[in-house]
Every structure is written in structure tokens, then in C-alpha cells.
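Participant: Below are the chains, spelled out letter by letter.
There are 2 protein chains.
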Amino acid sequence: MIRTIEWHDGSVRIIDQRELPGKTVFIDCQTYQQVAEGIRTLAVRGAPAIGVAGAMALVLAARGAVTDEREALMAVLKKAHAELAATRPTAVNLKWGLDRMLNLALGMKGDAGEMREALLSESLRIAQEDEELCRRIGNHGAALVPDGASILTHCNAGSLATAGYGTALGVIRSAHSAGKRIHVFVDETRPLLQGARLTAWELKEEGIPFTLITDNMAGYFMKKGDIHLVVTGTDRIAANGDAANKIGTYTVAILAKEHGIPFYIAAPYSTIDLSINSGDQICIEERCAEEVTTIGGVRVAPGDVRVANPAFDVTPHRYIHAIITDMGIIRPPFSEKLASTLVAQ
Amino acid sequence: MIRTIEWHDGSVRIIDQRELPGKTVFIDCQTYQQVAEGIRTLAVRGAPAIGVAGAMALVLAARGAVTDEREALMAVLKKAHAELAATRPTAVNLKWGLDRMLNLALGMKGDAGEMREALLSESLRIAQEDEELCRRIGNHGAALVPDGASILTHCNAGSLATAGYGTALGVIRSAHSAGKRIHVFVDETRPLLQGARLTAWELKEEGIPFTLITDNMAGYFMKKGDIHLVVTGTDRIAANGDAANKIGTYTVAILAKEHGIPFYIAAPYSTIDLSINSGDQICIEERCAEEVTTIGGVRVAPGDVRVANPAFDVTPHRYIHAIITDMGIIRPPFSEKLASTLVAQ
Numbered sequence: 016m017i018r019t020i021e022w023h024d025g026s027v028r029i030i031d032q033r034e035l036p037g038k039t040v041f042i043d044c045q046t047y048q049q050v051a052e053g054i055r056t057l058a059v060r061g062a063p064a065i066g067v068a069g070a071m072a073l074v075l076a077a078r079g080a081v082t083d084e085r086e087a088l089m090a091v092l093k094k095a096h097a098e099l100a101a102t103r104p105t106a107v108n109l110k111w112g113l114d115r116m117l118n119l120a121l122g123m124k125g126d127a128g129e130m131r132e133a134l135l136s137e138s139l140r141i142a143q144e145d146e147e148l149c150r151r152i153g154n155h156g157a158a159l160v161p162d163g164a165s166i167l168t169h170c171n172a173g174s175l176a177t178a179g180y181g182t183a184l185g186v187i188r189s190a191h192s193a194g195k196r197i198h199v200f201v202d203e204t205r206p207l208l209q210g211a212r213l214t215a216w217e218l219k220e221e222g223i224p225f226t227l228i229t230d231n232m233a234g235y236f237m238k239k240g241d242i243h244l245v246v247t248g249t250d251r252i253a254a255n256g257d258a259a260n261k262i263g264t265y266t267v268a269i270l271a272k273e274h275g276i277p278f279y280i281a282a283p284y285s286t287i288d289l290s291i292n293s294g295d296q297i298c299i300e301e302r303c304a305e306e307v308t309t310i311g312g313v314r315v316a317p318g319d320v321r322v323a324n325p326a327f328d329v330t331p332h333r334y335i336h337a338i339i340t341d342m343g344i345i346r347p348p349f350s351e352k353l354a355s356t357l358v359a360q
Numbered sequence: 016m017i018r019t020i021e022w023h024d025g026s027v028r029i030i031d032q033r034e035l036p037g038k039t040v041f042i043d044c045q046t047y048q049q050v051a052e053g054i055r056t057l058a059v060r061g062a063p064a065i066g067v068a069g070a071m072a073l074v075l076a077a078r079g080a081v082t083d084e085r086e087a088l089m090a091v092l093k094k095a096h097a098e099l100a101a102t103r104p105t106a107v108n109l110k111w112g113l114d115r116m117l118n119l120a121l122g123m124k125g126d127a128g129e130m131r132e133a134l135l136s137e138s139l140r141i142a143q144e145d146e147e148l149c150r151r152i153g154n155h156g157a158a159l160v161p162d163g164a165s166i167l168t169h170c171n172a173g174s175l176a177t178a179g180y181g182t183a184l185g186v187i188r189s190a191h192s193a194g195k196r197i198h199v200f201v202d203e204t205r206p207l208l209q210g211a212r213l214t215a216w217e218l219k220e221e222g223i224p225f226t227l228i229t230d231n232m233a234g235y236f237m238k239k240g241d242i243h244l245v246v247t248g249t250d251r252i253a254a255n256g257d258a259a260n261k262i263g264t265y266t267v268a269i270l271a272k273e274h275g276i277p278f279y280i281a282a283p284y285s286t287i288d289l290s291i292n293s294g295d296q297i298c299i300e301e302r303c304a305e306e307v308t309t310i311g312g313v314r315v316a317p318g319d320v321r322v323a324n325p326a327f328d329v330t331p332h333r334y335i336h337a338i339i340t341d342m343g344i345i346r347p348p349f350s351e352k353l354a355s356t357l358v359a360q
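Taken in order, these protein sequences are the chains called A and B. Each residue of the first sequence is one higher than the last, beginning at 16 in the numbering used here. Each residue of the second sequence is one higher than the last, beginning at 16 in the numbering used here.
Heads up, a few of these hints could be off.
The list makes no distinction among identical chains, and a pair is therefore deemed to hold if it is satisfied within one copy or across any two copies.
Claimed, not checked - Derived DSBU-like pairs (lysine-lysine); straight-line CA-CA distance at most 35 Å:
1. Lys352 to Lys195
2. Lys239 to Lys272
3. Lys219 to Lys124
Read the hints as simulated data drawn from the structure, not as lab findings. These numbers were taken from a predicted model, which means no experiment stands behind them.
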């Protein structure tokens, strides 16, 4: 299996997801700034994956610091933390991964060498945990997938979006591995086509049957009775269960409701952000117009037109049938359950 | 104004809409087969426009026939009628235009020269009527557009989709001409991007303010309160008011309902097909996979994947607040009103 992100001989090796499925290109980042650039430009994307990338970037920051003096080293880490956190404002996992690393450093007593060592170990642990969490998410979620089910997914919440295995695609992988005869409808997911490029690629590699559709076809197939459930990932879950995810997820949730189809989201617990009460407080990243007006370098609209390009939308909790986490399936009402789940950690 | 389609010196001149907005290319069709190819490959598209194209193609068929003998000439026309009707199965206007021409020929007493003359006049009349109808649709529909309204439209139901002026864009043009301060949200309309390529181009030419979005963003802007009404065209309306239109229209209608936003369709009366009771009987054209897997020649998905590409969907009448026609605005319940409207012609 191709690794989305890994620590490789003193650098952070990421697969350049912008080049998939056409080319398999790896980028070896030597500095945290290179990782930040990779996150910003979506060479690495997916909420859990950028959490791991951020953590590993802080290892590069610590190793790249010219000082061994504690205060100065912490200053470097804090600066890197701030720069990395600003690359993608919506996903909580990035902030979570960065905070976990910084808190480790803040709490440490050792010298610079020990700190660098501990940070590396912690980042590898985050990556390993992420893959294990995904497998647990997959196993929990597979129970919700009936034999013979046809499943719609949006964007890519697969192994490429995580340290491995995937969240929404983890559920699909687990159901498939368990011998269930499933079929996947893959929304292409404009503007950046993560569904067409990445999810289709992963499913093809795994031999899981699927049909690629444009985003505006899902309603048609739901009406025909061809889709039995929806599962997507999420970048941030508010305390009330509202969930931010790739633009278009909200539309899919409304379509699912209108057709009486269950809508599930799948995510590790680190995606839950109890510091915000509702999805209204989630900052929605606005990306550049060119992502909409060009595709693969080909211009698809007249020049000099006004474009909107919100990268995410928020699906209110009332549309969500269950949140599939590594700690089990959480069903509505979400408010109390999410809080108690977190406390139980 | 650029003409979508016109009779030009013995040939049918169409603007090649596949090349817009990048290039303005005209195709002069000398034979009905060339027009059929233009319709099939979407060089000319839009329900009313292909109705006009079909009618003019029969003029080419009549003029191209090597015989002046009546029976033989009728056989040529019938063959051309069948070939042209088969190019796009969903829109009723194509069949309507072809039938009108064939019926004229069948009912005529004159010789071959007179018949060719009469067919040409009739096709020009159809084109002229279409533009006049669109202006009436626009005027009726403008009354539904409040000053300051933000309007979502899907695909292209503009002058490019008709002999001129447009249906849904006719409503928008009329409201704008009347001095209403409107803003348009333009769905790009995958797979063939008629919104991004054609509607954006028309609105830019007209100086009507708009924002281009991907299809999966409409829900986001509705939730924000940025969209106040939806108006689209339609390719066929069943007797109960169900309406077929470009894939994704059904999704937009559901989103509108969920957000309490009126959803209107705009079309000439020739779009109403009383021969079918409901939208379930409308044949949905399935187009080739390459329209989904490539954009402007650029491959956006892995090779050899299964793709679905229904070109249309059906919006059930219960989602439609009104049908804006040249004969006025028809509101639910549609069944009786549509029937009586047709009888009143």
C-alpha cells in the first residue's frame, strides 16, 4: 500500500495528491515550511492526514532549529505551530495534532536532543494511532452497511485522507472485507475532484465496485432507489453534532433526508471540537477562483468572472443519523453524548 | 447579438457551443445529416434551439432530395424526421418542431418547389415565434422576481438554448431590463459546464451581475440566505407538471424546498407533452462516459472506471412553484391547468 505520509530518513515524505491518479509523485519535505506549503496547496489533504502532517512538520521545525537553548527552541516551535495552523482553518485535526506536539514539548524536562527525539516518537505515534483509529471506525461502521448495499460517498475520506485505511472509506473497506456485496457511488466532488481522482483511484486499487458520477447526479440515483446509505468524512464536529465537511456534503445530506436514506459521518474522536457549540462557529475556508474556472489547467469559464469557492459546508446535526467514531457509533441526540464520550477518554 | 441558429444563404448556420466561451466558431450545415450531427454532439443544444434546428434541417432534407416526385420527397422527409428525432430523446421541442414541419408537408397540395418554399417559411416562422415566445416568457416571469433578488439558475436556458432571448435567462433578462437590481448565481452544470461556459458568457455579455459556483455549492448559499428564488428551463413537461431538465435540476428543486425558496421553470408551451401523464414516462438520455472522466480533453479520473452519465433528471411537480410560459404563469395544481391551457391555444 502507498503511504499518504511517512517519516522517511529525516524528512516528511508525502504523496502529491494533486498529481493523482495520473502520476505517483512523492515530495520529501526537509523543512516545516515545505510541509505547510504542501498542506496549503493540497499536495496533502484530508482532515486526519493533515493532522499527522502538521505533527511531523513540528519535528522538522525542532530539528531544523539552529539552537539547543530551550526558550529559543520553544519559540521556533510556537512560530511553526502558528504558521502551520493557519494553512487550513476548517479542519480541527490539524490544530489538534499541532497542539498535542506543542504540549508535549512544553511539558518536557529534557534537553534539546531528548525533545527532538520525543517529538519524533510522538508524531509517529499520532500516525500509527490514526491508522488504528480508522480501522476501529471501519469495524464499527461496517455494522451499519447491509449486505447488497449501495453507498454514496462524497470527496475522499480514504487512506489518502488519513495516515492509512480511511474514515468513510474505512467503513466501506471494512464492509467489503467482511464479505458484504457492496457498490459505491462516488461523487466526483468539484472543484478539486477528490472523488473522481482519489476515491475512484483507491476503490479501483482495492477492487471494490463503484460508479463515478458528477455531484449533481446523486439525487437522480437516490430517486431511482439505487443508493441505500451515505457515508462521508468530516473536518470538524461541533458540540451539538453539526459537522463541517467538503463543500456539497450538506446538499447530499438534504438529498438523503428527502429520500429517507440514512446519512452517516465517520471520523476519529479528535474531530470533535467541544470548544464550539454549533457549526455556525466553524470558519469556512474560501479558496481561489481558479479552482472553479480551470480544470487541469483548462479554462472552463469566461475570463474575469466573479466566482465563489467555499471549500466546506456545515451539515446541521438534524440531518445526521449517526457519527461513526473509533469509540463506537454515536446517535442523536448528539449534544450530551458527544460531551460524555469525550470525558470518557 | 450573435444568433444561435439561422438560415444563411441556403445552409443552416449554427454557433458551435462546444467551443464557447473560448472561441466563436460557426458551422454552416449543408445537409440535414450535418445538423443531426450538430444536435447529437451538442454543437447546438437547448430544448427550443434544437426544435428550430430540427425544423431547418428538414428544409435542407427537402432541398437536398434529388427528386421532385411527391411520394419520393415525402419519403426523404420522413427518413430525415426519424433520424433527427433520434438524436436527442428527452426534449419534446425537437419532436414538436419536426412534426410541425412534416405535417405541413403532408397537408400541402403544391409541387415540390412550392413545398420547399413553404417548409423554409415555416422553419423561419418557428424561429421567429420562438424568440417572441421567449420575450413573453421573460415578461411574465419578471413579475416573479423582486427588486434586489438573488436568483439561482442551472445549465443554460438562455439565448443560446433558444432562437434568441432565452427562457429562464429570458426571465432574468426581462427583470434586469425592467431596472430590477438582481444578482444571478450560476451553477457550472457538470459534466458539460453549460452554466460556466454559456450562461456565464451570456450574462457577462449582457452586463448582468453574477457569481459562478460549482453545482454542489448551491445549498451552502441557500442556507446563508443568499439565494431568493430559482429559475431553470425544461426539456419536457408531462401532463401532471413533472418537468425534465438538465441533470442536477432535481437536486436544486429539493434544496429550494428545504430552504423555503420558490422554484420556477420557464418554457414555451411546446414543451408541454400531454401525451405523457407523468415524468416517469420521460426517456432519460444516457451520454458517454468521457463527458464525466475528461474535461476539455484533460482526464480527471483513473482509466477504465464505471461511469453513469444521465443527461437529465425529472423534477416532480410537487417541487415546482410555477411554470412560466408564454401564455402566462401556471401555478399548481398543474394537471387541469396544463390540459386547459393547451386546449385554449
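Participant: Could you figure out if Lys352 and Lys195 sit no more than 35 Å apart (CA to CA) within one copy, between two copies, both or neither?
Facilitator: Within. Shortest intra-copy distance 30 Å satisfies the 35 Å Cα cut-off; inter-copy 50 Å does not.
Participant: Using 35 Å as the alpha carbon limit, work out where Lys239 and Lys272 are close: within a copy, between copies, both or neither.
Facilitator: both (15 Å within a copy, 19 Å between copies)
Participant: Is it within a copy, between copies, both, or neither that the alpha carbon of Lys219 lies no farther than 35 Å from that of Lys124?
Facilitator: Classified as neither: same-chain Cα gap 48 Å, cross-chain 64 Å, threshold 35 Å.
Hint check: a violation occurs at hint 3 only; the rest are consistent with the structure.
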